[in-house]
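Visitor: Respectively, the protein sequence lines represent chains A and B. Per this note's numbering, residue 462 is the first one in the first sequence, and the count goes up by one each step. Per this note's numbering, residue 175 is the first one in the second sequence, and the count goes up by one each step.
Each statement offered as a hint is correct.
As a list, the in silico BS3-like pairs of lysine-lysine whose alpha-carbon atoms are at most 27 Å apart:
(1) B:599 to B:610
(2) A:466 to B:610
(3) B:373 to B:669
(4) B:615 to B:196
(5) A:560 to B:627
(6) B:615 to B:197
(7) B:533 to A:560
(8) A:566 to B:627
(9) A:560 to B:643
(10) A:466 to B:614
Chain A stretches covered by chain B per the calculated footprint, using a threshold of three residues with CB under 8 Å from any CB of chain B:
(11) 473-482
(12) 495-509
(13) 554-561
(14) 575-589
Read the hints as simulated data drawn from the structure, not as lab findings. These numbers were taken from a predicted model, which means no experiment stands behind them. We put the beta carbon where it would ideally sit given N, CA and C, even for glycine.
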Amino acid sequence: MTGKKIRVLVAKPGLDGHDRGAKVISRALRDAGFEVIYTGLRRTPEEIVNAAVQEDVDVIGLSILSGAHNVLFPQVMSLLDQKGIHDIHVIVGGIIPEKDIPGLKKIGIAEVFLPGSSTQNIVQWIQENVSTG
Amino acid sequence: MYENPQENSCSVRTPLTTVSGKKINALYTPLDLENFDYSEELGFPGEYPFTRGIHPTMYHGRLWTMRQFSGFGTAEQTNHRYKYLLEHGTTGLSVAFHLPTLMGMDSDHPLAEGEIGKCGVAIDSLADMEILFDGIPLDKISTSMTINPPAAVLWAMYIAVAEKQGIPSEVISGTIQNDMLKEYIAQKTFIFPPEASMKLIVDTFEYGTNTIPRWNTISISGYHIREAGSTAVQELAFTLRDGIEYVDWALNRGLKIDEFAPRLSFFFNAHNDFFEEIAKFRAARRIWAHAMKERFGAKNPRSWLLRFHTQTSGVSLMAQQPYNNVIRVALQALSAVLGGTQSLHTNSLDETYALPSEKAVTIALRTQQIIAHESGVANTIDPLGGSYFVEKLTREMEDEAMDYIHKIDDMGGMVKAIELGFPQKEITDSAYWYQKAVEKKEKIIVGVNAFEKDHEPISLLEIDESVAKQQLARLEDVRKTRNSSQVLQNLSDLKKAAEDEVNLMPFILKCVKSYATLGEIIETLKDVYGEYEEPVDF
Chain A
462 MTGKKIRVLV
472 AKPGLDGHDR
482 GAKVISRALR
492 DAGFEVIYTG
502 LRRTPEEIVN
512 AAVQEDVDVI
522 GLSILSGAHN
532 VLFPQVMSLL
542 DQKGIHDIHV
552 IVGGIIPEKD
562 IPGLKKIGIA
572 EVFLPGSSTQ
582 NIVQWIQENV
592 STG
Chain B
175 MYENPQENSC
185 SVRTPLTTVS
195 GKKINALYTP
205 LDLENFDYSE
215 ELGFPGEYPF
225 TRGIHPTMYH
235 GRLWTMRQFS
245 GFGTAEQTNH
255 RYKYLLEHGT
265 TGLSVAFHLP
275 TLMGMDSDHP
285 LAEGEIGKCG
295 VAIDSLADME
305 ILFDGIPLDK
315 ISTSMTINPP
325 AAVLWAMYIA
335 VAEKQGIPSE
345 VISGTIQNDM
355 LKEYIAQKTF
365 IFPPEASMKL
375 IVDTFEYGTN
385 TIPRWNTISI
395 SGYHIREAGS
405 TAVQELAFTL
415 RDGIEYVDWA
425 LNRGLKIDEF
435 APRLSFFFNA
445 HNDFFEEIAK
455 FRAARRIWAH
465 AMKERFGAKN
475 PRSWLLRFHT
485 QTSGVSLMAQ
495 QPYNNVIRVA
505 LQALSAVLGG
515 TQSLHTNSLD
525 ETYALPSEKA
535 VTIALRTQQI
545 IAHESGVANT
555 IDPLGGSYFV
565 EKLTREMEDE
575 AMDYIHKIDD
585 MGGMVKAIEL
595 GFPQKEITDS
605 AYWYQKAVEK
615 KEKIIVGVNA
625 FEKDHEPISL
635 LEIDESVAKQ
645 QLARLEDVRK
655 TRNSSQVLQN
665 LSDLKKAAED
675 EVNLMPFILK
685 CVKSYATLGE
695 IIETLKDVYG
705 EYEEPVDF
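Build the full structure now, drawing on both the sequences and the hints.
Guide: Written as structure tokens, this is what we have:
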């Protein structure tokens, strides 16, 4: 593939400081040839969406392990919607009970990666689903 | 006299490494223990350098404390869980606070939305703490509190509750985690910059020594360092170097080593690699004893003792085939017991998904009871002492940890090393290495990259949003019914004390007793100390 690199924002909403997953995935995506921007910890939905717009990303990867996903993910999605942004793929990972997945898909989250997912699966998902035009 | 047969043998699975990537051999013999000196390297249990354990009788005298970390929802719900655990034979309490409390925020802080009661119990003020310990005799039970940046405030609340129960502060016992260095390094729950954090921690050492002699004013923790992805050696080295840093700062305040050192306690992870963990615990005691006696010149033998709590490894639990987690926990717990732990938390099988259900936490507690009462391993002290393998591994863990400790000494200490990003980088590298090893199947995780099968769902504990409603109502009620001018006066006295750099504990205690909230106290201190901004890197 030539041309523009796929740009990914890895973001950590919520109050938990568990950044092992976010950092491992950031590195794996970078090693796979993507441009990766990592927000650091405890970002509000507003900060995440603003960063995504500023950095002109193709993908937002949200990582959360605190249990607040059902409150914070919808906020991210509705902020994107308010700004009329529909071409950024939002994928999420962390401690997310399976029964919450249908609800998250319904609000427009493209994929949910559960504990034990391999970084290669995430890389592959992005390569298959994202085109930089 | 001996020949090492492994030189000629072919290895079945090459290379042999631990879960940390540490190379090990298929066989150990006396040749691996050159110049082995029993009295110098091991000593008897309860004797310097305490490799075999800190008590002469170990579990023969008293079993370890079975202390299950627990907290969720409102103070009422958690109080109910504590009473359940005590009825079922738990012997110490351990409080898990929800994230806003861990971050020094009240439940009505904008960032608390969605987090209330989720990862632990919501505590905003003394009113919540009174409910949390209602009907639990604080003179008979010891309590550990996992709390870091706002540790002094939660400790003050506990002291105030005990006072209301009519229990003098000399009698209460327990632990506050209060270990900020590992927060900057690994767990990332921070508020103030490192220097201010160190100041507050030394305040608690000083206050505890003088007024609450049975309290462990810090639990110097490797647990979170390991969970963030470190190797066993890195966990050992960074934790003990953190301990050295706290001692340095306390000595700089003018505290006397033999007065505060006996109240320093430690907290380690029990991960999957059975013998590596046992060697880690044994090496930890030896390194600490040497550091306290030789580096710091402590004279009181109690200062030389590394007393530690252990928790089985959270990251080792798998969402796939979750019942397998019971077996992982049992093996990890066994390594902690064979390593001589003073207290133990066993994780529940469902904790990759949520806080544990009552059913799951009961199995976790029963695991400890089976080890203690059925397996027979608690009868004999340090039963692996003298094993060629375990002694060699203990030596190697010590040597490799000491290399790190010297390196950090050369950087000017742990606060400096953190500012340079050194331990953070080492851990991130190890975490990435391990992830790749799993994906290449160099490391096997049963049910994840081998022996997979279809998923079987399990029932989970759920915290619904009604918890938030109840908590916000109580907080509002506290703010309405307290004497507000008294609160304002106490907060302003606290601010002045922080500016004057005096010990803040008496001022915090006064704030807490007037029902100033946690958030109000922390915001007051932020005005003086500012906030820490982490450099973002991966």
